[in-house]
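Trainee: Okay, here's what each chain looks like letter by letter:
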Amino acid sequence: MKAGSLRVIEWLGFMALRACMCFVVLILVVVFYDIITKGIGIISWEFLTQPPLDGMTKGGIFPAIIGTLFVTIIAGLLAVPLGMGCAIHLNEYARDNGLTRFIRMAIRNLSGVPSIVYGLFGVALFVEAAHFGTSILAAGCTLGLMTLPVTITASEEALKTVPRAYREGALALGATKWQSIWGNVLPYAVPGMLTGAILGISRAAGETAPILFTGAAFFLPDIPNSLFSQFMALPYHLYIMSTQHHNIVLVRPIAYGTALVLIVLVFTLNLAAVMLRYHLRKKGIAHGQ
Amino acid sequence: MNRRIKEKIIEGFFFLNGIIVIGILVGIFVILVRNAWPAFHDVSIGDMIRWPNWNPDAYTTPTYGVLPMLMSTLMVTLGSLAVAVPVGIGAAAYLSDVASPRVREIAKPVVEILAGIPSVVLGFLGIVLVGPMICKLTGRYNGLNAVNGSILLAVMALPTIISLSEDALGSVPRSYEEASLALGANKWQTVINVKIPAAASGILAACMLGMGRAIGETMTVLMATGNAAEFPGSFLGPVKTMTATIAIELGEVAYHTTHYYMLFVVGLMLFIITFFINLAADVFFHKHTRAH
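Which chain is which? The protein sequence lines are H and Z, in order.
Using my numbering, the letters of the first sequence correspond one by one to residues 1 to 289.
Using my numbering, the letters of the second sequence correspond one by one to residues 1 to 292.
Just chain H, with the same shape it has in the complex (with noise of 0.2 Å):
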């Protein structure tokens, strides 16, 4: 083949690549101004802090909002130290072993167990088993346990980047392990776990499958006032809004103000995450690099 002709073909290939990578970004341009266009006409003081009103045709969402964030943290709560727990035990005590290596499994398996089949766990053992009821607590604990290869994963890559020589200072000194742990590691990989941590929550905060059965409800006009009772979800008042409302096309606007909050609290806490990380490393005390 003639250089012309391959030089040719060589152009038209990386043009199509780059076509791709154009169709990706699209695609995140469309979401985003479609949701912002239509969803901001409707956000103000009264739509935040208003229950819904006129058989959910008027009014706000706020018990969806408080909903959402009480049952993330929850989830948060049972995630957090357990995947902490899990990392620290896999990076600092496990040898590698056939255990290590089925838990290792185990966690690649859970992260890929789908949301709704997390929603039958959740109502087998936490409505139904331990007797919580569909309640804001259910929701919560089936949310945390979603959540937690997230964490795991996160929480062990915080740890990885402590040096060893760190380990090894402490121990040459005559500190016991766990001495080591705490005093020498632990201080460096806190901040890049909770980073994980929260990128973790945000997922958790838009998740709908888990909790259609767990205790999110249709319609409450009070905050949920104790761990077992049912609570509003931003996710799952789109979902009612956009599929389930008997004048879907009246509470659009709603929906799609619904749609704008929940991608703003999402995006909110990641890029809490990433700046946070950001700002770790700037300080020097992550040490990645």
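For the record, the hints were derived by calculation from the structure and aren't laboratory data.
Cβ atoms here follow ideal geometry from the backbone N, Cα and C, with glycine treated the same way.
Check each hint, because a few of them may be wrong.
Listed below are several chain H residues computed to face chain Z (Cβ distance under 7 Å; list not exhaustive) [stated by the list, open to error]:
| no. | residue |
| --- | --- |
| 1 | E10 |
| 2 | C20 |
| 3 | F23 |
| 4 | V25 |
| 5 | D54 |
| 6 | L110 |
| 7 | G112 |
| 8 | S115 |
| 9 | V117 |
| 10 | T208 |
| 11 | L212 |
| 12 | F213 |
| 13 | T243 |
| 14 | N270 |
Computed cross-link-like contacts, DSBU-like style, restricted to lysine-lysine with a CA-CA straight-line distance of at most 30 Å [said to hold, decoys possible]:
| no. | chain 1 | residue 1 | chain 2 | residue 2 |
| --- | --- | --- | --- | --- |
| 15 | Z | K287 | Z | K8 |
| 16 | H | K38 | Z | K136 |
| 17 | Z | K6 | H | K177 |
| 18 | Z | K287 | H | K160 |
| 19 | Z | K108 | Z | K187 |
| 20 | Z | K6 | H | K160 |
| 21 | H | K177 | Z | K8 |
| 22 | Z | K287 | Z | K187 |
| 23 | H | K177 | H | K160 |
| 24 | H | K38 | H | K160 |
| 25 | H | K282 | Z | K108 |
Estimated spans, in silico, between C-beta atoms of each pair [stated by the list, open to error]:
| no. | chain 1 | residue 1 | chain 2 | residue 2 | range |
| --- | --- | --- | --- | --- | --- |
| 26 | Z | T258 | H | G183 | 55 to 63 Å |
| 27 | H | G41 | Z | A179 | 53 to 61 Å |
| 28 | H | H246 | Z | G139 | 27 to 35 Å |
| 29 | H | I9 | Z | A179 | 19 to 27 Å |
| 30 | Z | F15 | H | Y33 | 32 to 40 Å |
| 31 | Z | T63 | H | F228 | 33 to 41 Å |
| 32 | Z | P52 | H | L99 | 41 to 49 Å |
| 33 | Z | R50 | H | F219 | 21 to 29 Å |
| 34 | Z | E7 | H | G133 | 36 to 44 Å |
| 35 | Z | R50 | H | H246 | 37 to 45 Å |
With chain H fixed as given, assemble chain Z onto it according to the hints.
Mentor: Then chain Z, alone, in the frame of chain H:
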């Protein structure tokens, strides 16, 4: 001595923490099996496969045929992969071999942000954006169908496929690329004939994981595919996937009835399918890391 006991206790505590993960995975499996088991007393596996439809509320005899929903899940998954695999691999090759460092800095967060969009938001866009678009293009009255679901699932699978394929391409040793260029191949020939084949098992693993995500995804298909309980006819017709069936019916079903148990059978099937897909992805991934 006291100190050593304390150390042992602490180590034991973290060991338990690690074991819990296995406990959860096994627990999910056991609970699914236990709740699915009673269904097999009432409905034989043969009937589940033979029955042409899933109609638990039938007036005479309820039927629990799982083929229609298996077929539906297969359709939307394959449809999504038809879009997500070529685009995903293309975008990954772009990021790893074509883009300048500055473009990469901007493009990589785009992929991460795409991965962070809640599925219910995409499902909503399937209703308000993709559906009407399909109506306009095909002249149909209803845009909630398998194509719609496939498009949304492609969006959900893309970030997984892109970022893992890019990792796979990035881990191909530089010497491969240099050898190819030194032999006179241009960059495009190197990407197509050397790098992508060398990263093939890693890319395959990425696509498997993307597929696992598509099969298990609930909200987007629940909202965008129309959910007709009939045997899926075409991509432009409504379908009701396995995940959507559970999502729709678990809320209405009376606990501890055959119907309730059958929904756990569907959940068990989903669990087993995604388990083996993840396992396969694992195998390919290890093959890739061992090769490089």
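Trainee: Each of the hints needs a verdict: does it hold here or not?
Mentor: Against the structure, the hints:
This hint holds: E10/H has a C-beta 4 Å from the nearest C-beta of chain Z, less than the 7 Å allowed. For C20/H, the shortest C-beta to C-beta distance to chain Z is roughly 3 Å, which falls under 7 Å, so the interface hint holds. Interface hint at F23/H: satisfied, since its Cβ lies 6 Å from the closest Cβ of chain Z, which is below the 7 Å cut-off. Taking 7 Å as the C-beta cut-off, the interface hint given for V25/H holds, the closest approach to chain Z being about 5 Å.
Taking 7 Å as the C-beta cut-off, the interface hint given for D54/H is violated, the closest approach to chain Z being about 22 Å. Interface restraint check for L110/H: the shortest CB-CB distance to chain Z comes to about 6 Å, inside 7 Å, so the restraint holds. Taking 7 Å as the C-beta cut-off, the interface hint given for G112/H holds, the closest approach to chain Z being about 4 Å. The closest approach between the C-beta of S115/H and any C-beta of chain Z is roughly 6 Å, which is under the 7 Å cut-off, so the hint is satisfied.
A cut of 7 Å between beta carbons decides the hint on V117/H: the least distance to chain Z is about 5 Å, and the hint holds. The criterion of a C-beta within 7 Å of any C-beta in chain Z is met by T208/H, whose closest approach is roughly 5 Å, and the hint holds. Hint on L212/H holds. Least Cβ distance to chain Z is approximately 6 Å, under the 7 Å limit. At about 5 Å, the closest approach between the beta carbon of F213/H and any beta carbon in chain Z falls short of 7 Å, and the interface hint on this residue holds.
Taken as an interface hint, T243/H checks out: its beta carbon lies about 6 Å from the nearest beta carbon of chain Z, inside 7 Å. Interface hint at N270/H: satisfied, since its Cβ lies 6 Å from the closest Cβ of chain Z, which is below the 7 Å cut-off. Between K287/Z and K8/Z the alpha-carbon distance is near 37 Å, which puts this suggested pair outside the 30 Å criterion. Straight-line distance between C-alpha atoms of K38/H and K136/Z comes to about 21 Å, which keeps the hinted pair within the 30 Å bound.
For the hint linking K6/Z to K177/H, the alpha-carbon distance of about 11 Å falls within 30 Å, and the restraint holds. The straight-line distance between the Cα atoms of K287/Z and K160/H is roughly 24 Å, inside the 30 Å bound, and the hint therefore holds. Distance hint between K108/Z and K187/Z is fulfilled; the C-alpha atoms sit about 22 Å from each other, no more than 30 Å. For the suggested pair K6/Z and K160/H, the alpha carbons sit about 25 Å apart, so the restraint of at most 30 Å is met.
Note on K177/H and K8/Z: the hinted pairing holds, with a Cα-Cα distance of about 10 Å set against a maximum of 30 Å. With a C-alpha separation of about 26 Å, the suggested pairing of K287/Z with K187/Z holds against the 30 Å cut-off. For the proposed pair K177/H and K160/H, the alpha carbon gap of about 16 Å is at most 30 Å, so the pair holds. Between the alpha carbons of K38/H and K160/H the distance comes to roughly 44 Å, so the proposed pair goes past 30 Å and is violated.
Between the alpha carbons of K282/H and K108/Z the distance comes to roughly 21 Å, so the proposed pair stays at or under 30 Å and holds. Between T258/Z and G183/H the Cβ separation comes to about 58 Å, which falls inside the hinted range of 55 to 63 Å. Judged by the Cβ atoms, the range 53 to 61 Å given for G41/H and A179/Z holds: they are separated by roughly 58 Å. The supplied range of 27 to 35 Å is met by H246/H and G139/Z, whose beta-carbon atoms lie about 29 Å from each other.
I9/H and A179/Z have their C-beta atoms about 21 Å apart, which keeps the hinted 19 to 27 Å range intact. Here the CB-CB span from F15/Z to Y33/H is close to 50 Å, at odds with the stated 32 to 40 Å. As the Cβ distance of T63/Z to F228/H is approximately 38 Å, the hint placing it in 33 to 41 Å holds. Between P52/Z and L99/H the C-beta distance comes to about 46 Å, which sits within the given range of 41 to 49 Å.
Range check, R50/Z to F219/H: Cβ separation about 42 Å, and the 21 to 29 Å hint is violated. At about 42 Å, the CB distance of E7/Z to G133/H agrees with the hint of 36 to 44 Å. Between R50/Z and H246/H the C-beta distance comes to about 39 Å, which sits within the given range of 37 to 45 Å.
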